[in-house]
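Chemist: Each chain, letter by letter, is given below.
Protein chains: 2
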Amino acid sequence: MSEIHRASTTAPVNIAVIKYWGKRDPKLNLPTNSSLSVTLSQADLRTHTTASCSSSYPSSDSLLLNGSPQDVSGARTQACFRELRALRKKIEEQDGSLPRLSEMPLKIVSENNFPTAAGLASSAAGFAALVRAIANLYELPASPTELSRIARQGSGSACRSLFGGYVGWDQGSAADGSDSMAFEVAPAEHWPNMRAVILVVSAAKKGVSSTAGMQTTVATSSLFAARASETVPKRMQEMQKAIKEKDFETFAKVTMMDSNSFHATCLDTYPPIFYLNDVSRAAIKVVESINVAAGKIIAAYTFDAGPNAVVYYLEEKEKEVAGLFKAALGDKEGWSGKRGDAIQANSEGLEKAKADSGVALDLLKEGVRRIILTGVGEGPIKTEENLIDEKGEPIS
Amino acid sequence: MSEIHRASTTAPVNIAVIKYWGKRDPKLNLPTNSSLSVTLSQADLRTHTTASCSSSYPSSDSLLLNGSPQDVSGARTQACFRELRALRKKIEEQDGSLPRLSEMPLKIVSENNFPTAAGLASSAAGFAALVRAIANLYELPASPTELSRIARQGSGSACRSLFGGYVGWDQGSAADGSDSMAFEVAPAEHWPNMRAVILVVSAAKKGVSSTAGMQTTVATSSLFAARASETVPKRMQEMQKAIKEKDFETFAKVTMMDSNSFHATCLDTYPPIFYLNDVSRAAIKVVESINVAAGKIIAAYTFDAGPNAVVYYLEEKEKEVAGLFKAALGDKEGWSGKRGDAIQANSEGLEKAKADSGVALDLLKEGVRRIILTGVGEGPIKTEENLIDEKGEPIS
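Line by line, the protein sequences are chains A and B.
One point on numbering: in UniProt numbering, the residue at position 226 of the first sequence is 226, and numbering is uninterrupted.
One point on numbering: in UniProt numbering, the residue at position 214 of the second sequence is 214, and numbering is uninterrupted.
Simulated from the structure, these hints should not be mistaken for laboratory data.
Some hints could be false.
[Stated by the list, open to error] Straight line, CA to CA, 27 Å or less: simulated DSSO-like cross-link-like pairs of lysine-lysine: (1) B/K365 to A/K365; (2) A/K23 to B/K234; (3) A/K253 to B/K23; (4) A/K244 to A/K319; (5) A/K234 to A/K246; (6) A/K246 to A/K319; (7) A/K296 to A/K317; (8) B/K253 to A/K23; (9) A/K246 to A/K296; (10) A/K234 to B/K23; (11) A/K244 to A/K317; (12) B/K352 to B/K319; (13) B/K296 to B/K241; (14) A/K382 to A/K89; (15) B/K338 to B/K319.
Using the sequences plus the hints, can you model the full thing?
Modeler: Shown next as structure tokens:
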């Protein structure tokens, strides 16, 4: 029997504070603007992926995600496979003693440690793990920067999950996308006390669905061009400076303004795209109340393409931010475990907030299904824990 | 006893299809962009105002609205009084035989035929009626255009209620506001079959309130400048052409896009301003379904600074548009009377729409409190029906 080659990694989710929305090249996933994200801890949210290859495998590549076979024939997955195989082929050609892994079928097994139904963009962690695992399998000398260029072709925001900490994605200008890659703004340890509480909105409260499409925004929004060409470039500079100086107030204000700007261009799309609903609005209102009560900005909301709120705050303000949400939403799933146990329910803060945002708090109680507690974390981590056994079978 | 001088008028509500939002001069109510509206029929929605003056009145001016005394000391009301008195003074100076009305205290009584609680911007009709009634009282030779310049200082959008039909408001460029006035795009009889159904959202469903402020948008939205300087000027041209050519599809598309653009700049404000809620989103979805079912655009939504939807359509599409809403919301207040009786509940259309927008229809049923049926109408109408009697007392 032929040898089974295996390598495994975990990769993180990232939540942008300057949003990616709009492609200048849909095939290559080249964005109309740069973006910036915080990589979240893999202790809380991660994709675990084992890539393997063997000449004994059935001839076509395969991918099993959370136990379900996935279609790998799509152009995006194929682009990642093709690019990684080409890099492997190059080193095989330089060293004839290396096994010809680039010619063997790939078998990939992937698992998320978070419910897909949570509505978190899992494709970023998924493609980052896929690319990193295959790069490990192929023993490629490629840097995270080079791998981010490949992962980008799988899912745009996946490129940012190749790094930990605070990560930018430079839109680049080359037509072939060769300079559209992620870069490290600062590692997690530079500003390790960044935390996030994610308010996951019940499916029942999601309301009217939108037929999303960032390309419809590019084509129809009269305000989009100003966002891409003026607003975001300015904010990219402000945000990098804020992160380098650990200036939370600026970080938070730019985060909130950029989330609003992104959703504004969605609303300005024809037909309009809505991701924020009344529960999201309530989360915004409660964050505003928390900041008013603190007399300065200590919490920042941001929303991806869905109603779930991600609220960033610093560990030292845990009581004022997460503690208030715990007092309001303590009966929801997600408060157990090491992070949740450490958070004190801030009933006093909640009482004060009720005066200003009682309706909003009621809406949150009604509409939030679960919470996720997390914080800034590392980039992909190599692991010896394989999801495929020595015989090439998925371990379940 | 001194003579009681009286004059009365009614004035209409208008609902913009290209929105006014942002002032370049807050004191003079000079806008950052031009706007355009449809004047609605006074049979359905109107303010009725009697202006009177007498040397026997108490020395200070007064205003009674729906039976409640109003503060007239505000700069906006004072500006209207001052400008109208100056015009009267001029003709008194030219003709010494005229009574010195400009020197007498004003007593004004006003009544709306629609509930204030309906959340309709009543200030436009209110200031238009106030200015028109005083102009009638003073027998001013002023044209609606000249009066619109005065009413604008009371409430910006009031200037458009001095005309019937389809009305533009030119932003103007003079620092003193002398060229920021309303103008007739087309009279009501040019395109008389324009109808509107207004979906009034329950107070209970209004959700999180916003601290509104168009000046906050001007100051903080990074997208607002593009709207004011590029988007709106282009749409003003498209809209005037569509009205002149009675091209409903263009009229409707520009109406919807401009409503979305306005609310997008509200969302891009810091802190964000929300007027649309889940019920508003549901109305948008149902309008989209109606248009998809028709295979062309036969209905257009627009939202002012609140969650109520105004849906424009042409009389010949009454069954497809208003009829569908009647089938869905027939149990709400507002379907009785001449307009409502003529509308056939379109149960067949509703059944079809359910497949595409069942959730949205449920949200509408839950969140709409009443409907108002109306259509394009005339400008202010002089009336002999006074709300103040010969003795100077309000008639209740």
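Chemist: All hints, please: hold or fail.
Modeler: Evaluated hints:
Taking the CA atoms of B/K365 and A/K365, the gap is near 23 Å; set against the 27 Å cutoff, the hint holds. Between the alpha carbons of A/K23 and B/K234 the distance comes to roughly 25 Å, so the proposed pair stays at or under 27 Å and holds. Note on A/K253 and B/K23: the hinted pairing holds, with a Cα-Cα distance of about 25 Å set against a maximum of 27 Å. Taking the CA atoms of A/K244 and A/K319, the gap is near 25 Å; set against the 27 Å cutoff, the hint holds.
Between A/K234 and A/K246 the alpha-carbon distance is near 18 Å, which keeps this suggested pair within the 27 Å criterion. For the given pair, A/K246 sits about 20 Å from A/K319 by alpha-carbon distance, which is consistent with the 27 Å threshold. About 11 Å separates the Cα atoms of A/K296 and A/K317, which keeps this hinted pair within 27 Å; it holds. Taking the CA atoms of B/K253 and A/K23, the gap is near 25 Å; set against the 27 Å cutoff, the hint holds.
Distance restraint check for A/K246 and A/K296: the Cα-Cα separation of roughly 15 Å lies within the 27 Å cut-off, and the hinted pair is therefore satisfied. For the suggested pair A/K234 and B/K23, the alpha carbons sit about 25 Å apart, so the restraint of at most 27 Å is met. Proximity of A/K244 to A/K317 is assessed by CA-CA distance (about 20 Å); at most 27 Å being required, the pair is judged to hold. For the hint linking B/K352 to B/K319, the alpha-carbon distance of about 14 Å falls within 27 Å, and the restraint holds.
Under the criterion of a C-alpha separation no larger than 27 Å, the hint pairing B/K296 with B/K241 is consistent with the structure, at around 19 Å. Straight-line distance between C-alpha atoms of A/K382 and A/K89 comes to about 22 Å, which keeps the hinted pair within the 27 Å bound. A distance of roughly 15 Å separates the Cα atoms of B/K338 and B/K319; the hinted pair therefore holds under the 27 Å criterion.
Checked against the numbered hints given earlier, this structure breaks none of them.
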